[in-house]
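J.: Input sequences plus hints: build the corresponding full structure.
Chains as they are written, first to last, in my numbering: chain A, 1 to 486; chain B, 1 to 486.
Read the hints as simulated data drawn from the structure, not as lab findings. All values reported here derive from a predicted model rather than from experimental measurement. Heads up, some of the hints might be wrong.
The list treats identical chains as interchangeable, and a pair is accepted whether it falls inside one copy or across any two copies.
Here are the simulated DSS-like cross-link-like pairs (lysine-lysine), alpha carbons at most 25 Å apart as the crow flies [said to hold, decoys possible]:
#1 K67 / K18
#2 K18 / K115
#3 K67 / K200
#4 K61 / K115
#5 K454 / K46
#6 K203 / K46
#7 K46 / K115
#8 K190 / K483
#9 K115 / K21
#10 K454 / K115
Number of protein chains: 2
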Amino acid sequence: MASKEGKDKSKGAAVQLKTPKGTRDWTGADMILRDEIFTTITDVFKRHGAVPLDTPVFELKEVLAGKYGEDSRLIYDLADQGGELTALRYDLTVPFARWLAMNKVQQIKRYQIAKVYRRDQPAVARGRMREFYQCDFDIAGTYDRMIPDAEILRVIYEIFEALKEQIVIKLNHRQILDGIFAVSGVPSDKIRTISSAVDKLDKVPWADVKKEMVEEKGLEEAVADRIGEYVKHSGDIPTIVTLLKADEALCANSDIKQGLEDMELLASFLDAFGVPSNKVSFDMSLCRGLDYYTGLIFEVIAQPSATAAPAADGNGKPAKKKSGEEIQVGSIAAGGRYDNLVGMYGKTQIPCVGISFGVDRIFTIMKAKREKEEGKARVRETDVYVMAFGGGSFNGMLKERMQVARRLWDAGIKAEFTAKTKPRLPQQFKAAEDVPLGVILGEDEIANGQVRLKVLGSGGAETDEKDRGQLVSEDDLVAEIKKLLI
Amino acid sequence: MASKEGKDKSKGAAVQLKTPKGTRDWTGADMILRDEIFTTITDVFKRHGAVPLDTPVFELKEVLAGKYGEDSRLIYDLADQGGELTALRYDLTVPFARWLAMNKVQQIKRYQIAKVYRRDQPAVARGRMREFYQCDFDIAGTYDRMIPDAEILRVIYEIFEALKEQIVIKLNHRQILDGIFAVSGVPSDKIRTISSAVDKLDKVPWADVKKEMVEEKGLEEAVADRIGEYVKHSGDIPTIVTLLKADEALCANSDIKQGLEDMELLASFLDAFGVPSNKVSFDMSLCRGLDYYTGLIFEVIAQPSATAAPAADGNGKPAKKKSGEEIQVGSIAAGGRYDNLVGMYGKTQIPCVGISFGVDRIFTIMKAKREKEEGKARVRETDVYVMAFGGGSFNGMLKERMQVARRLWDAGIKAEFTAKTKPRLPQQFKAAEDVPLGVILGEDEIANGQVRLKVLGSGGAETDEKDRGQLVSEDDLVAEIKKLLI
Chain A
1 MASKEGKDKS
11 KGAAVQLKTP
21 KGTRDWTGAD
31 MILRDEIFTT
41 ITDVFKRHGA
51 VPLDTPVFEL
61 KEVLAGKYGE
71 DSRLIYDLAD
81 QGGELTALRY
91 DLTVPFARWL
101 AMNKVQQIKR
111 YQIAKVYRRD
121 QPAVARGRMR
131 EFYQCDFDIA
141 GTYDRMIPDA
151 EILRVIYEIF
161 EALKEQIVIK
171 LNHRQILDGI
181 FAVSGVPSDK
191 IRTISSAVDK
201 LDKVPWADVK
211 KEMVEEKGLE
221 EAVADRIGEY
231 VKHSGDIPTI
241 VTLLKADEAL
251 CANSDIKQGL
261 EDMELLASFL
271 DAFGVPSNKV
281 SFDMSLCRGL
291 DYYTGLIFEV
301 IAQPSATAAP
311 AADGNGKPAK
321 KKSGEEIQVG
331 SIAAGGRYDN
341 LVGMYGKTQI
351 PCVGISFGVD
361 RIFTIMKAKR
371 EKEEGKARVR
381 ETDVYVMAFG
391 GGSFNGMLKE
401 RMQVARRLWD
411 AGIKAEFTAK
421 TKPRLPQQFK
431 AAEDVPLGVI
441 LGEDEIANGQ
451 VRLKVLGSGG
461 AETDEKDRGQ
471 LVSEDDLVAE
481 IKKLLI
Chain B
1 MASKEGKDKS
11 KGAAVQLKTP
21 KGTRDWTGAD
31 MILRDEIFTT
41 ITDVFKRHGA
51 VPLDTPVFEL
61 KEVLAGKYGE
71 DSRLIYDLAD
81 QGGELTALRY
91 DLTVPFARWL
101 AMNKVQQIKR
111 YQIAKVYRRD
121 QPAVARGRMR
131 EFYQCDFDIA
141 GTYDRMIPDA
151 EILRVIYEIF
161 EALKEQIVIK
171 LNHRQILDGI
181 FAVSGVPSDK
191 IRTISSAVDK
201 LDKVPWADVK
211 KEMVEEKGLE
221 EAVADRIGEY
231 VKHSGDIPTI
241 VTLLKADEAL
251 CANSDIKQGL
261 EDMELLASFL
271 DAFGVPSNKV
281 SFDMSLCRGL
291 DYYTGLIFEV
301 IAQPSATAAP
311 AADGNGKPAK
321 KKSGEEIQVG
331 SIAAGGRYDN
341 LVGMYGKTQI
351 PCVGISFGVD
361 RIFTIMKAKR
371 EKEEGKARVR
381 ETDVYVMAFG
391 GGSFNGMLKE
401 RMQVARRLWD
411 AGIKAEFTAK
421 TKPRLPQQFK
431 AAEDVPLGVI
441 LGEDEIANGQ
451 VRLKVLGSGG
461 AETDEKDRGQ
471 LVSEDDLVAE
481 IKKLLI
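T.: Structure follows, in structure tokens:
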């Protein structure tokens, strides 16, 4: 009987120790880097007057219904345990639109950094998870043309400058794009499907896209060829605007005319905002999948460091894809203007323009770079490790270590010590492995009101345990440490 | 037909615009205050070498099973859409224990600030929601007695000092408490249920607790009276330790002996850590509901500002409850030592001690205080509003406003302007309502490379729109603003 009980007990303990499929725990260096990215992004958002919004992790099912097309099958439902039917949020845009409509907010700059949930096939290596962060900044309200749009691009520019990542912002305009399809002869009911074929141009060659348009989607070959002529263009805004303006057929189309005026305004605003012209590329092949965009659309492409050569103040075109060895890391942020989405929830349309940062991809790029540059990243932020050392009758100096730690904490300094009464010195050095400074207490020094302050090597092996550092009076300790930490 | 279509459309739009029951959106001043609390708490956690942990919002159901007793009925299950059965996390302690066991982590200081989910009856006014934040700090690892426990109390002290909230930390020790029940004559199988009766002493009078013990739980009246004699004591640690040590019956119990040694150690450590003795109260009636505590237990009680009179350096007892008009606001953080929980998931026991802050209650207290003190809290963090003013032929100076905003953003200053080509001046002042500084552009000044810098009143009404502020050269603007923002 006793043995059976024992067996049941061990069975009880044999819970599968894992996180659910497509989810992970975050800790250590990964978590610190991710927090650093969040802080940098948030600082820029706040610099532009944005306020944070936090919505519940789940929404009423009817709020999410009919917003994601066939991707709705990826939504996580909560179990029906009585009461309302709810589901985990799929993105941050729909909760924002729900909140705007619900609170009848007429204008706001809001940001939200939060996890979203998609029951997709996870691809952990490529950073596709079922639980992942989105980081959104949107400007809602009725303003004059292109001013908020230009500010969004300035926000993108500031963020990647702060993250020290080389990027190019690809731009296009839905009115120009749809106008070009119309002028080329695409029937209006085929514009969205042809648009989604063109959207693949960054992954497959033109021949394949043309084949899809003609053979699968029944477009006339001559129409496809005309589209092909237009969408191959990319370059800085004035160049492409001039090129398109030279085309009489295009200029006769009022949508295109409006779109080109927008792009000219945008170029002048970006200039006033100090966004270098080599950071943007007016790319006629950029389409963006979502139906709800109504004006400017954009996608941020990370440039591999090796191709980051063109100087920030240069006036050249953005770095081009090179054949073969150097691969674009793909889109790391995307967005656009959506003037009609909020109206789906209520009677009032509220024009919006926004950007969503793919934090996981930015994280993946920065992590790879850091590992190459710096070796092992620091896990703790602790700046000072307080230790003690003594001879045979050494009592461990626990109280003294506590008092020194307290002095440092009182001064706002990040400090730790070993939570043992009589720790051995190697044990203390090992515990201080990733800490830059050590304060070493000895009985003789303490008797004189002094301690030793020592710059620690990076890792126990490199720290010379014989060198006890410089003598500092206890009263000067905080000031001396602050000098070294600058 | 057209009218029917119209009807269907409006029906489609008539989604119920609400968040699910027991959840809310956070924004504006509430969100800023909450973030401020999080930042303050996180700073202290990091000062003590803690690293952040982030776990998925849902866990495998079997991980949560059997951890919460009858409260398990409050767990939110996710729908079974194929694959694993999962549920939203109920607290942060169980995910932490799962993570420790899964990664075979032997020692760590970790913190986690995250939402947890309970399908309880919400009581919005009292701050009881179905989705709410917990904020946990735990020290896991085998260390010498009471050192991590004392550091947790120091963390509590530092946090509420930083938040400028008056508190008292009530302390007790499970070994002393259980020993007292044993010495008083409580049968060992009744110790937990008697303990939970005593736990109600902060809400109901002794007579009611005694009645519950004797009439409902079948305890002998003499035993209940002996308990009553013990649990009425509270005071600073040395006083209560001396009192209990004078009792021979108690000292003969080895659990109590060990517990009293712990409390003496703790008092000396708190002294070394500079935690004033009037911040802690050894309260024999503190029991804490959860079964898994094995040593020190504690609860943080907010003191209404009016009773916060005893000076921090005083050596008196903590402020006592007053009869009637002044009501304790209740527990705002709680925790204790739990040495056996991690062992439920694997073969290795990892001793832990930790604290969980009830951020929503702290938020409620601070919000009420702020509203009383400061009136309306600032919603945006924007420091400077850039505006323009001119006569009849005024062109709005959009580009100039953009250039000045860019100059400020480049210097890291939080700045905004009105996203209109020709905004009226009152419109700009209204938009700057909660912004402390205004930069005012005029055509004459700009021609001389100058702008006007103006301290704005709090609210448009108090701002004298005629006073255009001091003339500053554009090149000095950043420096002048930084002086005013200090």
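J.: None of the hints should be skipped; say for each whether it holds.
T.: Now the hints, each set against the structure:
Proximity of K67 and K18 under a CA criterion of 25 Å is satisfied inter-copy only: 17 Å between copies versus 32 Å inside one chain copy. Taking identical chains as interchangeable, the C-alpha atoms of K18 and K115 lie at most 25 Å apart whether they share a chain (19 Å) or sit on different chains (20 Å). Proximity of K67 to K200 under the C-alpha cut-off of 25 Å is restricted to the intra-copy arrangement: shortest distance 23 Å within a copy versus 50 Å between copies. Both within a single protomer and between protomers do K61 and K115 lie at most 25 Å apart by alpha-carbon distance, with minima of 18 Å and 20 Å respectively.
When the C-alpha separation of K454 and K46 is checked against a cutoff of 25 Å, the pair qualifies only between copies, where the shortest distance is 21 Å, while the shortest distance within a copy is 39 Å. For the homomeric pair K203 and K46, neither the shortest alpha-carbon distance inside one copy (35 Å) nor that between copies (44 Å) is at most 25 Å. Within a single copy, K46 and K115 get their C-alpha atoms as close as 20 Å, and across copies as close as 23 Å, so both meet the 25 Å cut-off. For the identical chains of this complex, K190 and K483 are neighbours neither inside a copy (67 Å) nor across copies (59 Å), given an alpha-carbon limit of 25 Å.
Taking the shortest alpha-carbon separations for K115 and K21, both the intra-copy value of 16 Å and the inter-copy value of 20 Å come in at or below 25 Å. For the homomeric pair K454 and K115, neither the shortest alpha-carbon distance inside one copy (42 Å) nor that between copies (41 Å) is at most 25 Å.
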